[in-house]
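J.: What follows is the residue order along each chain.
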Amino acid sequence: MIKKKVVVVSKTGLHARPANALVKKAQQYPCAVEIGFRDKTYNAKSMLGVLAAGINCGMEIEIICTGDREAEACGQIVQLIEEGLAE
Amino acid sequence: MRGFGASKGFCYAKVLLFQEKEIAITGQVKTVAEEMKMFEEALRKVYSETVTLREKTAKEAGEEAAEILDAHCTILMDEGMINPIKEAVSGGMSAAKAVEQILTEYIRAFEAMEDEYLSLRALDIKDIKNRIIRKILHCESTDLSNLPEPTIIAGHDITPSATAGMDVGHVAGLLMEMGGNTSHTAILARTLEIPAIVGVRGLMDNIKTGDTIAFDGSTGEIFTDLTEGQMAYFKSRQQEERIRKERLEKLAKRESLTKDGQKINLYGNIGSTEDVTRIMEKGADGIGLFRSEFLYLGRKDLPSEKTQFLAYKKVLETMKDKTVIVRTLDIGGDKEVPALGMKKEENPFLGLRAIRLCKQEKNIFKMQIRALLKASVYGNLHIMFPMISSLEELRWAKGMINECRKELADEGIAVKEKIPVGIMVEVPSVAVLADLFAPECDFFSIGTNDLTQYTLAVDRGNETVASLYNHFHPAVLYLIKNTIEAAHRAGIPCGMCGEAAGNIRMIPILIGLAIDELSMTASAILEAKDLLRELTVDECRQLGAAVMCEKTAEQIEKLTKEFIEKRRKIC
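Those sequence lines, one after another, are chains A and B. Residues in the first sequence are numbered consecutively from 1, following our numbering. Residues in the second sequence are numbered consecutively from 1, following our numbering.
Excised from the complex, chain B in its bound form (with noise of 0.2 angstroms):
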């Protein structure tokens, strides 16, 4: 059997079929007074329950995974369900008959819709309806609220009431015959970094409680009926993950310290300000870009100086004095704001983008700064350009945070003293220039997807070309050396923020070269801080030395490979 691969991981474990019972409902009918009572009481119940559950969730997985609980209480009170059921008790039909008639003229209409994330809310409305209508008749289904070991939970459609209530500390892995993986379920599983499978085919015909199977949530791969010695693999695979997993966790408070103590800033990239828990919890020392694109992503109008200045404030405040780089906005290419009306161009990522558009629509740059500027009191915040090609585009920009300071005093506001500015090192120009930008640079972070692109001349949206696009390319690493050397000669701290920092190979190289952070997506923090812990700064500057004496990137990632390899125990 196989499905979709929801939530990666692998898992060996019990089964525990999750069955809805059977909900009879019996024309009977008591008074009507009598009725209206049973579903209010029902109703309301049923809405406690699902606050009580929001809140849980909410502090277990996230507030991500308590947003469909949110819908959820709206739904519960929404008039639209319950006006009708009244007006349908009222006219004589049982409260339980009233609920299933009601709900499934809404459930059809959500299931005929085309857009996915609509026709899955049908799910949702299924899922209250069924508990309003247990919750009438006294028949509630399967309890997860108490697992005695590690379960894997298999259903044809695991409800997110049910997930909500999940004693989560015993799941094992999820099954689901249902969904798709960007139902309910799929979301939760991977908030919580449970293994999971969605879309399984047959998957209640083919398993039975007390099963043992195994399955990988990265392939969609199950595995049943299985025998003695395939169990002892799963058994001790499982284990190995365990171990792996625990072990990395516990470094989430670590120091990001090589082996023989050199400190190397391990910062975590942000999307979003929930982004910032994320991080958080993973032991970031703190942020290395912070997208501000997600402000203007997505909407018609342009977001407000405050809106803005409210993001970066709570970002700013929850980090505390721990650096948080944002980086301007970084549109045009292929990130389109409906907003600006941008035309459509040849070449979109040499084109009108990131600091290019921001120097056209200067107001919209002004308003960013101000926002950026008035946020500054609030915590450790570096400021950082992208796209730069040029001097004059740099000291313009620099420009504009002066004039914005000015502004400001003049309003009266406050304004930190000392913000760092910096700039993306993501032009080829730079890197080759670096020497020239450094002394007006307060930092340098090196943008290793688009330097890689420019440099190779590789579009790394194109399939057909991907295969050119490698930043282990020594035309790469040399201009990433270069930068490293010409920051550090100024005096300059020098970070790097693209794919390449969290490539468990390019950290070796990366350290050998000096670099003094790496910032990367939450989820590879800890095996990158893993890995730096056993590495010593005198082997990486070695491999260094070595890997910038080699011609082909095939050598280079050659020469990596062997390196961790050998200083690895596990894998």
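So here's chain A without its partners, still in its complex pose (with noise of 0.2 angstroms):
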């Protein structure tokens, strides 16, 4: 399991086309994506899971990759995530 803590950026938060580009993203890796947030986590690659966390600009989360290509996959969701989630 690797982990690695990130602030989201994105002027909307993790909503709609950010939350949207992030999914995807997670979608690509065979391992477990998931992020942590206030004490809970959440399903990286749902779109409803991503969404129901409600996380807004400014805030920070953690991004946990368990499984195969782990290390790629946080490294490549944590910089996503740091260059604005392609908004």
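Among the hints, a few may not be true.
[Claimed, not checked] Partial pick of chain B residues on the chain A-facing surface, computed with a CB cut under 8 angstroms:
{"id": "1", "residue": "I75"}
{"id": "2", "residue": "D78"}
{"id": "3", "residue": "E79"}
[To be verified] Chain B regions said to be covered by chain A (calculated; three or more residues, Cβ under 8 angstroms):
{"id": "4", "stretch": "105–113"}
{"id": "5", "stretch": "135–144"}
Source of the hints: derived by calculation from the structure; they are not laboratory data. Just so you know, even glycine gets a beta-carbon here, dropped at the ideal spot from N, CA and C.
Hints in hand, dock the two standalone chains.
T.: Structure, rendered in structure tokens:
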């Protein structure tokens, strides 16, 4: 398992389009990808899960990857979030 | 009763109440394998129905309306939904109950959100939940796919899936207890130009299927329990509106000529690549203002040269040989681009805006020019610079085009040889000295919104002085006249792309002042064409000459109002 903290910079947080970009990215990897936020974890491969987390701009989250290619997945996803999720 | 007018238009018809049958979920469980199969089959069916609906909606109502069904498809394949349901079924729960339980948790989470967009998404999930459960239990709701006559559909909540399957040709109007202006039903109604009111309290208690009612989608007023007199009035009003609409729709394919055969180009203003379809449907002769800002707004970084190139190319290809006037980046002022880290200014409209900002951020400007030049080979591109206030600025900007041209030639990239380059005439200095600018431009386009606010020193966003902001002010008209005449003396065309261009009362004056092209928002094009076709150039010239002799905006407006009323049979 590998974890990394990142601050969400996309203006609309993890809603609508940014959330979609994140989910699509997470689905590309075989490992489990979860978002740790306020003592809860959410499935990052699930649009419902990501939206239900209600994450806004400026909030810190943790990306948790477990399984095949976990290091690559974690790095790539964190980078995508840092870059603003292709808003 | 009243609600929030979500889509304008007047409506008078019989009501059909849209009701979702109560779903009764029993605790009865077949075997785990059977329940699992029921869930999987229901999911598969709902998914394929949604895909079909998506295609149908895209075709009938456009991509924007179909987007919601894309979201439905995503949710239907979402492992965050499917996995927990399957787990619950494996644990011995009935398929229907599992769907109910898991999705209700999500609905609650979304409903609790403050963000209006997200809390409205709860409706989508509720819709999906009910559809899957209905499929599992074989219990479907009111069929809207086959309406015998024009009907007002009224419901507590008219779900996106219900509207998507709707017999659109026979829907006279939509009324809903739930929802706001951004709800999907509201968006869909506007796209299809069906009158609609949302957020109507007590709607379902006060009307029933078969009632004949009337409502006004502009004001949000609903009229029930009509007297015979009222019925007759509403009926004739409905009739008038329908005739008018049909007549206008037919105009889309007709040429934009005056009664005596003078061609006046009616162009559309666009703010996104999707807008192109909308103006094409209205039969626009070209694009008079392509606001390129949308490529830059609402994002953290800058759009790459390639992103821009693809957007310009798409629009140019769609428009084929028709004119496409792209206005280069017009930001600053009230429009902010986060990636530029712009400083707050005391007086943003008099500050670092548009071409001034581009001059400072030369690389960003060059990136846009390069993207435009690369795209030029795909259509009839015109480049227009905003906020020009001096010849130096114009010459600098044209110099940038030449510089980019050379760069691209060295890189071996093809660029169209002749690309007309013009300016927005929106700063009084240019309008006053239009004769100096015209010989160095291929066209002018008057931006009346800014020209008016700069000429009259009135901030158009400031409510306390809003009443002073008036296109009909003699000074504004004087500058418009001067600009058009200067353009014609230099042998170049002069258009207009501000709000005044689509203003019915302004159009006869503008034609009278010999404007060559009017560019406006899609929804104004047909009305403008309708008016245009009733006017002769001669009578407009007389009006133009008459208004130039008037001393106040009030007098001018009165003159043009009388002029139109005299010539219009309708209204």
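J.: Evaluate each hint against the coordinates.
T.: The hints, checked one at a time:
1. I75: Check passed: Cβ of B/I75 comes within 6 angstroms of chain A, closer than 8 angstroms.
2. D78: 5 angstroms, holds
3. E79: The hint holds - B/E79 has a Cβ within 8 angstroms of chain A, the shortest such distance being about 5 angstroms.
4. 105–113: holds (count 4)
5. 135–144: violated (count 0)
Checked against the numbered hints listed earlier, the structure breaks hint 5 alone; every other hint is satisfied.
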